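With chain R's structure known, arrange chain U on it following the hints.
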Amino acid sequence: MDNEVYSFALKNTLNEIQNICPDIKNAFMFREDGEIIAGDKNTPEENIVHAIDAFDGVTEKAEAIGGVESIILEGNKNRISVSRMNELYLVTVTSRKADMNYVNTVTRVLVPTILKLLDKINPAPLKSAPPKLEVEPQIPIAKHVEKQLEEPIEEPRMEERKEQKEPEVKPEPVLPEPLVNQFIVENIGGLLVPTDTVRIDNDLLLQWQELYQDRKIEEVEIETFGGKSIRSKIKPIKDSKYEGKGIIQMPEKIQSTLEIKKGELVRVKPVIE
Amino acid sequence: MVKKKKSIQEVTTVTEPIAVEETTYENDLRTNLEEIKNCDGVIGYILRNSSSASIDLKDPTRIIDFAILSSSTFDAIRDFSELFDLGDVNHAIVEGQKVKILSIAIDENKISVFMEKNADAEKILKKMHMT
Numbered sequence: 001m002d003n004e005v006y007s008f009a010l011k012n013t014l015n016e017i018q019n020i021c022p023d024i025k026n027a028f029m030f031r032e033d034g035e036i037i038a039g040d041k042n043t044p045e046e047n048i049v050h051a052i053d054a055f056d057g058v059t060e061k062a063e064a065i066g067g068v069e070s071i072i073l074e075g076n077k078n079r080i081s082v083s084r085m086n087e088l089y090l091v092t093v094t095s096r097k098a099d100m101n102y103v104n105t106v107t108r109v110l111v112p113t114i115l116k117l118l119d120k121i122n123p124a125p126l127k128s129a130p131p132k133l134e135v136e137p138q139i140p141i142a143k144h145v146e147k148q149l150e151e152p153i154e155e156p157r158m159e160e161r162k163e164q165k166e167p168e169v170k171p172e173p174v175l176p177e178p179l180v181n182q183f184i185v186e187n188i189g190g191l192l193v194p195t196d197t198v199r200i201d202n203d204l205l206l207q208w209q210e211l212y213q214d215r216k217i218e219e220v221e222i223e224t225f226g227g228k229s230i231r232s233k234i235k236p237i238k239d240s241k242y243e244g245k246g247i248i249q250m251p252e253k254i255q256s257t258l259e260i261k262k263g264e265l266v267r268v269k270p271v272i273e
Numbered sequence: 274m275v276k277k278k279k280s281i282q283e284v285t286t287v288t289e290p291i292a293v294e295e296t297t298y299e300n301d302l303r304t305n306l307e308e309i310k311n312c313d314g315v316i317g318y319i320l321r322n323s324s325s326a327s328i329d330l331k332d333p334t335r336i337i338d339f340a341i342l343s344s345s346t347f348d349a350i351r352d353f354s355e356l357f358d359l360g361d362v363n364h365a366i367v368e369g370q371k372v373k374i375l376s377i378a379i380d381e382n383k384i385s386v387f388m389e390k391n392a393d394a395e396k397i398l399k400k401m402h403m404t
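Respectively, the protein sequence lines represent chains R and U.
Residue numbers are given in my numbering: position 84 of the first sequence equals residue 84, and the series is strictly consecutive.
Residue numbers are given in my numbering: position 7 of the second sequence equals residue 280, and the series is strictly consecutive.
Bound-form chain R, shown alone:
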């Protein structure tokens, strides 16, 4: 899985944690080697960098105690907690009055669950991104697709073309391999909502149309990480609050067929016919 998707999922998790625990003032995660993985919306990156530096100062000298598993600082205004979770460190800053049992219950259950889920979807996601052999940009947000579209499929396509040139029998123009994008499932409901149609960012639909100029894209193929797949009609998202967030709005019927729920990740690619 792309690190970006991983960070996106964790960033959303941290923001959601803050929504349910308003006493958490700041929350961010970083790797053992100091790389920032995700930060909530309230914490400036500069502060995270400085905090990691401060933390490094301790970890570098902590061999004598077997490395750092956690740090808790109790101030008279706020409290900071750094806890190790797998290969990551989660940092939370809470007010002095915060109910730490509640905060700990939420953070120590939710974050490891998300990490476990992400790890299950694709093991070792935090390792440096390996060279992509497939034409699979796997990006969640439509904005990022734009970049990928400019250069994405060039190298693999060239190889394919070379292979195809040898027989030189097929005169058909070679279409770009369908781009695969990852989306987070969001519910869509209502009386007039068709049960066979999913909705994604209009920007992405336009980009697909631009890429496959003469082809009309009316359907997409949705694939879960559990291996289930389905074809569905596609329409642009209407609700602006879901735009540009890497979300796919999906009727319950399709979710049920795919055996997935809101919040899970799916792969989506256009059906080009």
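These aren't lab readings, by the way, just hints derived from the structure by calculation.
Since we're looking at a predicted model, the values are computed, not measured.
All C-beta atoms, glycine included, are put in the ideal place defined by N, C-alpha and C.
The reader is advised that the hints may include incorrect statements.
Covered by chain U, according to a simulated footprint, are these stretches of chain R (three or more residues, beta-carbon under 8 angstroms) [stated by the list, open to error]: (1) 58-72; (2) 77-83; (3) 185-193.
Only pairs whose alpha carbons sit at most 25 angstroms apart, straight line, appear in this in silico SDA-like list of lysine to any residue [to be verified]: (4) U:399 - R:95; (5) U:390 - R:25; (6) U:371 - R:34; (7) U:390 - R:72; (8) U:396 - R:100; (9) R:77 - U:398; (10) U:399 - R:104; (11) U:396 - R:67; (12) U:331 - R:25; (13) U:383 - R:64; (14) R:11 - U:358; (15) U:390 - R:55; (16) U:383 - R:56; (17) R:77 - U:360; (18) R:41 - U:355; (19) R:25 - U:360; (20) R:97 - U:351; (21) U:390 - R:85.
Below, chain U alone, put in the same frame as chain R:
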């Protein structure tokens, strides 16, 4: 003239008890730390202030490592406190895989108590505040 003499006497009577109090406080702190050192799971302690340092560890071969770690912990406390507006930090607990450290700054005195991971840091903390 008489009045001046009186004021001098007043000053001296005020300063003397403070000096005594400070000495007593440090002595109390050391005594308390000696008691803490005998608590279950406690490995030792480091007490530092601007003029002196006392280190008492059950395993003297680890003195340097622990002293450096103690110092780094107090640096981190200062940095974290500034970054996230923690206010005055009452105490910090750094937990490793084998050992944990309870660090407390009381006035000029910086104290780090080293203990085994399963030791009760809260209990030690309470004892510290009894000084």
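To see whether the hints hold, each was checked on the structure:
By the rule of at least three residues with a Cβ nearer than 8 angstroms to a Cβ of chain U, the coverage given for the segment 58-72 of chain R holds, with 14 such residues. As drawn, the segment 77-83 of chain R meets chain U at 4 residues by the rule of a beta-carbon pair under 8 angstroms; at three or more, the given contact holds. Using a Cβ-Cβ cut-off of 8 angstroms, 0 residues of the segment 185-193 of chain R lie near chain U, which falls short of the minimum of three, so the contact claim is violated. Between the alpha carbons of residue 399 of chain U and residue 95 of chain R the distance comes to roughly 22 angstroms, so the proposed pair stays at or under 25 angstroms and holds.
Straight-line distance between C-alpha atoms of residue 390 of chain U and residue 25 of chain R comes to about 29 angstroms, which puts the hinted pair past the 25 angstroms bound. For the given pair, residue 371 of chain U sits about 23 angstroms from residue 34 of chain R by alpha-carbon distance, which is consistent with the 25 angstroms threshold. Annotation: proposed proximity of residue 390 of chain U to residue 72 of chain R holds, straight-line Cα distance about 14 angstroms (limit 25 angstroms). Between residue 396 of chain U and residue 100 of chain R the CA atoms are separated by roughly 18 angstroms; this keeps the pair inside 25 angstroms, and the hint holds.
About 19 angstroms separates the Cα atoms of residue 77 of chain R and residue 398 of chain U, which keeps this hinted pair within 25 angstroms; it holds. Note on residue 399 of chain U and residue 104 of chain R: the hinted pairing holds, with a Cα-Cα distance of about 22 angstroms set against a maximum of 25 angstroms. In summary, the hint linking residue 396 of chain U to residue 67 of chain R is supported, as the alpha carbons are separated by about 24 angstroms, within the 25 angstroms threshold. With a CA separation close to 40 angstroms, the supplied pair residue 331 of chain U and residue 25 of chain R exceeds the 25 angstroms bound.
Between residue 383 of chain U and residue 64 of chain R the CA atoms are separated by roughly 20 angstroms; this keeps the pair inside 25 angstroms, and the hint holds. At most 25 angstroms may separate the alpha-carbon atoms for a hinted pair to count; residue 11 of chain R and residue 358 of chain U meet this at roughly 23 angstroms. Restraint check: the Cα-Cα separation between residue 390 of chain U and residue 55 of chain R comes to about 20 angstroms, which is no more than 25 angstroms; the hinted pair holds. Taking the CA atoms of residue 383 of chain U and residue 56 of chain R, the gap is about 21 angstroms. The hint holds against a cut of 25 angstroms.
Restraint check: the Cα-Cα separation between residue 77 of chain R and residue 360 of chain U comes to about 5 angstroms, which is no more than 25 angstroms; the hinted pair holds. For the given pair, residue 41 of chain R sits about 20 angstroms from residue 355 of chain U by alpha-carbon distance, which is consistent with the 25 angstroms threshold. A C-alpha spacing of about 14 angstroms is found between residue 25 of chain R and residue 360 of chain U, which places the hinted pair at or below 25 angstroms, so the restraint holds. This hinted pair checks out: residue 97 of chain R and residue 351 of chain U have alpha carbons roughly 21 angstroms apart, not beyond 25 angstroms.
As the CA atoms of residue 390 of chain U and residue 85 of chain R are separated by approximately 18 angstroms, the hinted pair is consistent with the 25 angstroms bound.
Comparing the model with each numbered hint stated earlier shows that hints 3, 5 and 12 do not hold.
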